[in-house]
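2 protein chains.
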Amino acid sequence: MEKVNVIEKFSLFTNYWSSKIVGELNGQHVKFVKFKGDFIRHLHENEDELFFVIKGKFKMQFRGEREVEIGENEFLIVPKGVEHRSSAEDEAHVIVFEPTAAVNTGNINNELTVRILKYL
Amino acid sequence: MEKVNVIEKFSLFTNYWSSKIVGELNGQHVKFVKFKGDFIRHLHENEDELFFVIKGKFKMQFRGEREVEIGENEFLIVPKGVEHRSSAEDEAHVIVFEPTAAVNTGNINNELTVRILKYL
Chain H
1 MEKVNVIEKF SLFTNYWSSK IVGELNGQHV KFVKFKGDFI RHLHENEDEL
51 FFVIKGKFKM QFRGEREVEI GENEFLIVPK GVEHRSSAED EAHVIVFEPT
101 AAVNTGNINN ELTVRILKYL
Chain Z
1 MEKVNVIEKF SLFTNYWSSK IVGELNGQHV KFVKFKGDFI RHLHENEDEL
51 FFVIKGKFKM QFRGEREVEI GENEFLIVPK GVEHRSSAED EAHVIVFEPT
101 AAVNTGNINN ELTVRILKYL
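Residue numbers (our numbering), protein chains in the order written: chain H, 1 to 120; chain Z, 1 to 120.
Please keep in mind that the hints were generated in silico from the structure rather than gathered at the bench.
Fair warning: there could be bad hints in the mix.
Copies of the same chain are indistinguishable here, so a pair counts whether it falls within one copy or spans any two.
[As the list claims (entries may be wrong)] Calculated pairs, BS3-like style, for lysine-lysine (alpha carbon to alpha carbon, straight line, at most 30 angstroms):
#1 80 / 59
#2 80 / 57
#3 36 / 20
#4 36 / 59
#5 57 / 3
#6 36 / 55
Can you make the complete structure from the sequences, with help from the hints?
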């Protein structure tokens, strides 16, 4: 049972849109992700997702051109079934909290899809 | 679907050891708690708990005098079944992630037990 230093963990990797698992509890993963550029629009049929910004900011874009900008010390919960797309002009460090069954690109399969998760 | 500003939410209440629910996803609650002083030693039979420090620091004390100090930008996951006790010399602002079924004092019932949760 060791504590996790968030800043230290984020310094251990550089690749974007590549989730790293740093914790697991109650069937949920705590994932660290570096955002930069545009992710793919997708939805999760069965999983709600929480996005907590540690550094920087990003925009979560929804259907109908609605978007929410999330900055440091802010979080957003995206309920299951809601299409969304993350977009970060500059690098953002984000903690994602979601069920262990969740796949990063949800209902979409493309080159961004990560099926084998990496642990930090 | 509104974002949550963590600092703003913590400014909305002052009482210690009184969890406020600020989010819910996948059967889990996101709770904001202000720690100060000593909580009661307890365990949760069925729930893992995550403690993320936003401001200040606190000590998590375990059996056998083992303890872990958790400061800003650090988190600790306490697995189900593990006795623990939070202790904060000065005020600490902590986000707790745990199943909606979790009761703050776990297997103990005393004056610190909160059965009716408050939303922020």
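Right, here's what the structure says about each hint:
{"no.": "1", "hint": "80 / 59", "verdict": "within (18 angstroms within a copy, 36 angstroms between copies)"}
{"no.": "2", "hint": "80 / 57", "verdict": "within (22 angstroms within a copy, 34 angstroms between copies)"}
{"no.": "3", "hint": "36 / 20", "verdict": "within (15 angstroms within a copy, 33 angstroms between copies)"}
{"no.": "4", "hint": "36 / 59", "verdict": "within (11 angstroms within a copy, 35 angstroms between copies)"}
{"no.": "5", "hint": "57 / 3", "verdict": "both (25 angstroms within a copy, 12 angstroms between copies)"}
{"no.": "6", "hint": "36 / 55", "verdict": "both (12 angstroms within a copy, 27 angstroms between copies)"}
Against the hints set out earlier in the document, no violation occurs for any number.
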